[in-house]
Amino acid sequence: MAERQAIIGSRVGLHARPAAIFAEAAAEAPVEVTIALEGEPAEDALDASSILSLMGLGAEYGTTVILRAEGEGAEEALDKLVKVLETDHDSE
Amino acid sequence: MSTQQVSYHGVGVSAGRVIGPVLRMPDPITAPADGAPLPEGSTADAEIERLAAATQSVAAALKARAATATGDAQAVLKATALMASDRTLLKSASKLVSGGTCAESAIWEAADAVATQLAALGGYMAERAGDVLDVRARIVAELRGVPAPGIPDSDVPFVLAAVDLAPADTATLDPAKVLALVTSDGGPQSHTAIIARSLGLPAIVAAAGTTALDDGMLVFADGISGTVTTNPGAEQEHLAATYANREPLPDFDGNGMLADGHLVPLLANVGSGTDAQAAAAAGAQGVGLLRTEFCFLGRDAEPTHQEQVAAYGAVFEAFAGKKVVVRTLDAGADKPLPFLTDTTEPNPALGVRGYRTDAASPGVLSRQLAAIAQAAGEHQAEVWTMAPMISTPAEAGAFAAMVAEAGLPTGGAMIEVPSAAVLAGGILSRCDFVSLGTNDLTQYTMAADRQLGAMAELNDPWQPAVLHLIKATSEGARSAGGKPVGVCGEAAADPALAVVLVGLGVNTLSMNKRALSPVAAVLRTVDLPAARRLAALALDADSASEARRLVRAELPELDRFGL
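Sequences listed follow chains G and D, in order. Going by my numbering, the first residue of the first sequence is number 228, and it counts up by one from there. Going by my numbering, the first residue of the second sequence is number 1205, and it counts up by one from there.
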């Protein structure tokens, strides 16, 4: 099981636009990726490609989240996704 | 297909003449029954497949729209497309289907849970709950095989036909795609009318029978005469082409006058400091109506003295050295205020509203006058103060005394009640000026509710009886030594009617800032004797539509500018 921490970099939090960008990126990953707030049990983690789950997470700017994935390419996929989360998409 | 023409008559609330295909505003999606069972003969698996296919096709349609959109609209469409194909949403709905619920009820319930969760997060997320409900309605429409709710999407510009439009519908209205608005309901003050004027789209409201217009039918929509005609022929094509080739209106140069140099100052109706700045930038020669309700509406308690001073001051600041006519609080009827008006009145339009609230709840008005006086003292605007809903000379006198007591130099009365127009001379011998509120004056003269679509024909400021009362008002002003008469209703924003008003003896016209340039351009084409002649034509007409037709026929410049 690969696991990464990421800190939300979008000033507005994981809201509609940043969530859409991240959900699309997660859907393109070759493995299934889950997302959870730091400190929450792994079995409560949500589907990272679901925009509604991401928005329901209520992750604000600076919130730490945990990404998890299993299987071939998991490490590379998570590295990529951490970058997406830590970018401030609202400044683009 | 029949080539016979059918014409529907309504009220033209925004000028313009276009020909285009109709698209109807779909009916809103109704909620499916709670936990309705699987359709007869279907299996859970087949139903899940049907649901998945529906979500995919809704997502694909939204994605396709996103591809042609730009900026914020594109981002929103992209996000909603992702919501439609969201795996978590589909999973929770599928679970319900496996339990024996049909696809419509399952997606309805599953999306409801998501929306509730987002709403609980508050703020920005709570606003997105609406997006989830919109996506849900689209999926259910797809499952039912009916058009998606909301403004229809089309590659070809179209004439939007609806019963009436809600604020939420008009927010997504793309003026590049919609050629004109036609509604079977609504009136000149409806939301449809307001949005059409602000977008500059031709619009016809209260056109009974237009519910018969169907998708794809070609129609001629005439926002000037208020008609919609099917199967347009050569005559309508000519009218639409003339409109399309209209001359652009010159910007208002800040100097309203007739062709012979007779001055008609053009002022703006404003409702806030921001509004006032925009009106000043558009060339308004002052403010003819400052609606002070903006400071009061939506509140449980009266605003403080300081809050009021700041709010009025923001408007005075934008018009230093110019006239600003402040209307004291006009609460009641369609603008109830919990601390001032009684909402249980059986007929609020004829109840305690406007100036009348001072007798029922004394204090609010004198405190407002004190705030206006202080703000006036802190700024350079020439502040005039008037009360709404004055019905007798005695009321005008009492109000003028309150104004003087507050230390304000100029006090006046609105003429909205027919009794005030009839006794304008007496009113003006007790105060300094009057301003005609033609919207209410029309409603009270014609006994026709302004909010009722079915009363639209009577509720028209072109009604000769209303024009006679305006004439009586200016004659009263003359008998009282030539005191000023203004108009601050929608009537002043109609360029043809503006000419008539000047001909009836009105001195100043106040309107929304977008009307300044068309009204100024048309006034510049007539001299005072011509305006008086046109006013006489309108006074003698036997209906509002005849008055309008007779006057418009004498103003060829209207066509030149497409008004």
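Check before you lean on any hint, since a few could be wrong.
To be verified - In silico BS3-like cross-links for lysine-lysine, where the CA-CA straight-line distance does not exceed 30 Å:
hint, chain 1, residue 1, chain 2, residue 2
1, D, 1295, G, 307
2, D, 1539, D, 1526
3, D, 1675, D, 1687
4, D, 1295, D, 1526
5, D, 1526, D, 1687
6, D, 1295, G, 310
7, D, 1675, D, 1539
8, D, 1527, D, 1675
9, D, 1267, G, 310
10, D, 1295, D, 1527
11, D, 1527, D, 1539
12, G, 307, D, 1267
Hint data in this document are derived by calculation from the structure and do not stem from the laboratory. This structure is a prediction, so every number in the text was calculated from the model and none was measured.
Mind checking the alpha carbons of residue 307 of chain G and residue 1267 of chain D for me, to see if they're no more than 30 Å apart? holds, 24 Å
Straight-line alpha-carbon gap residue 1295 of chain D to residue 1526 of chain D, limit 30 Å: violated, 65 Å
Compare the distance between the alpha carbons of residue 1267 of chain D and residue 310 of chain G with 30 Å, and conclude whether the hinted pair is satisfied. holds, 25 Å
Does the structure keep residue 1675 of chain D and residue 1687 of chain D at a Cα separation of 30 Å or less? Within the cut-off at roughly 14 Å; holds.
Against the 30 Å threshold, does the CA-CA distance of residue 1526 of chain D and residue 1687 of chain D hold or violate the hint? Holds - the C-alpha atoms of residue 1687 of chain D and residue 1526 of chain D are around 18 Å apart, at most 30 Å.
Holds or violated: residue 1527 of chain D to residue 1675 of chain D, with C-alpha atoms at most 30 Å apart: holds, 24 Å
Keeping to a limit of 30 Å between CA atoms, is the pair of residue 1295 of chain D and residue 1527 of chain D held or broken? Status violated; Cα separation ~65 Å.
Check the hint pairing residue 1527 of chain D with residue 1539 of chain D against an upper bound of 30 Å on the C-alpha distance. Since the Cα atoms of residue 1527 of chain D and residue 1539 of chain D sit roughly 26 Å apart, the hinted pair holds (cutoff 30 Å).
Taken at face value, is the distance from the CA of residue 307 of chain G to the CA of residue 1295 of chain D at most 30 Å? The given pair, whose Cα atoms are some 26 Å apart, holds under the 30 Å limit.
For residue 1675 of chain D and residue 1539 of chain D, compute the direct alpha-carbon distance and say whether it is at most 30 Å. Roughly 29 Å separates the two Cα atoms, so the pair holds.
Does residue 310 of chain G sit within 30 Å of residue 1295 of chain D, going by the straight-line distance between their CA atoms? Answer holds: residue 1295 of chain D to residue 310 of chain G is near 28 Å, not above 30 Å.
Proposed proximity, residue 1526 of chain D with residue 1539 of chain D (alpha carbon, max 30 Å): holds, 29 Å
The structure shown violates the earlier hints numbered 4 and 10.
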